[in-house]
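Peer 1: Sequences and hints are given; from them, build the entire structure.
2 protein chains.
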Amino acid sequence: MKSPIDIDLRRIVSRPSLLRSISAAYQGILKGLLFDRLAAVPYAAIPIATAISLQSGMPMIYPRKEAKDYGTRAAIEGDHNPGETVVLIDDLATTGGSKFEVIDKLKAAGLRVQDVVVLIDRQSGAREMLQQAGFGFHAVVTISELLDHWERTGRVDSDRIEAARRFISASRTA
Amino acid sequence: MKSPIDIDLRRIVSRPSLLRSISAAYQGILKGLLFDRLAAVPYAAIPIATAISLQSGMPMIYPRKEAKDYGTRAAIEGDHNPGETVVLIDDLATTGGSKFEVIDKLKAAGLRVQDVVVLIDRQSGAREMLQQAGFGFHAVVTISELLDHWERTGRVDSDRIEAARRFISASRTA
Chain A
468 MKSPIDIDLR RIVSRPSLLR SISAAYQGIL KGLLFDRLAA VPYAAIPIAT
518 AISLQSGMPM IYPRKEAKDY GTRAAIEGDH NPGETVVLID DLATTGGSKF
568 EVIDKLKAAG LRVQDVVVLI DRQSGAREML QQAGFGFHAV VTISELLDHW
618 ERTGRVDSDR IEAARRFISA SRTA
Chain B
468 MKSPIDIDLR RIVSRPSLLR SISAAYQGIL KGLLFDRLAA VPYAAIPIAT
518 AISLQSGMPM IYPRKEAKDY GTRAAIEGDH NPGETVVLID DLATTGGSKF
568 EVIDKLKAAG LRVQDVVVLI DRQSGAREML QQAGFGFHAV VTISELLDHW
618 ERTGRVDSDR IEAARRFISA SRTA
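As they're listed, the protein sequences go chains A and B. If you're matching positions, the first sequence starts at 468 in my numbering and goes up one per residue. If you're matching positions, the second sequence starts at 468 in my numbering and goes up one per residue.
Hints should not be assumed to be uniformly reliable.
Note that identical chains are pooled: a pair holds if it fits in a single copy or bridges any two copies.
As the list claims (entries may be wrong) - Distance condition first, Cα-Cα at most 30 Å in a straight line; then the derived DSBU-like pairs of lysine-lysine:
#1 532 <-> 469
#2 574 <-> 498
#3 498 <-> 469
#4 498 <-> 572
#5 572 <-> 532
#6 574 <-> 532
What the hints contain is simulated information worked out from the structure, not anything from laboratory work. Just so it is clear, the structure is predicted and the values come from calculations on it, not from any experiment.
Peer 2: What follows is the structure, given as structure tokens:
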């Protein structure tokens, strides 16, 4: 089942003022959480976590996406110490599956992950899967909220809005 | 010939206030250059270019490091148009070899690269190689300047300073 909704948040770097606003929106959520470092999921979340780090003063780390290709190159970049708690920062959440890969990398370095924060929750199971596994899950907006917004503003055709709603509903009850 | 100097600038993300200062130092150089977008070399330069972008308002792009793993995923993230000029942002320059790989990716997307800007020039041939190929090359500091600084401040043993100077001298005349 292919989603009718394609969201490319890697384009955010094309609009630094938008990136600044997005960073502020994450901070609204982060203020309520306890953690030592931001952990960005590459690539999309590295610019986002950098913006949050610059605004908040919180240090960040990021696990590298590719396999280690040479020598002593660390799998996780940036200073970190075993026992520290990191909050996982990503752009999107869909089923949640890819988050566990990153969480495993962080755990392998002795880090604790309690919460996952994303900009957009695509409402295709991530919240349920992460919460069942004991993680807090937080999103700035859900895709349903965005669809309501786009419907009100007429930015997206109503046929496409409805197709997207049907898809979300189907993937939530799957 | 293995360098006695190991510089890990990926740790910069651990100190957001340092990242802000570093970004300002790049901007001192960027003010004198003409370009449409910042192009960051992953991974180390993505947080750096993000900080520059947030400070300056200049949009950024980044070519992905790994081979395209699925479908329509672009090799270069962020909006860009053929004919635009991008300035290559990296953390370090050593021989310059790795810069050409990234420049080729950018050229394949129709982008023009005129200048390369780094934080530290390790003085092992990058400047000469890039300038011979017609690119402008700019560094916030050279490794020789850093060695002089560390010698004055006594932060590094004089034996290690001398070993590093011998290495640089040998690699420049190689």
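Peer 1: State for each hint whether it applies.
Peer 2: Hint check results:
{"no.": "1", "hint": "532 <-> 469", "result": "both (25 Å within a copy, 27 Å between copies)"}
{"no.": "2", "hint": "574 <-> 498", "result": "within (23 Å within a copy, 42 Å between copies)"}
{"no.": "3", "hint": "498 <-> 469", "result": "neither (35 Å within a copy, 46 Å between copies)"}
{"no.": "4", "hint": "498 <-> 572", "result": "within (25 Å within a copy, 40 Å between copies)"}
{"no.": "5", "hint": "572 <-> 532", "result": "both (10 Å within a copy, 19 Å between copies)"}
{"no.": "6", "hint": "574 <-> 532", "result": "both (15 Å within a copy, 24 Å between copies)"}
When held up to the earlier numbered hints, the structure conflicts with hint 3 and nothing else.
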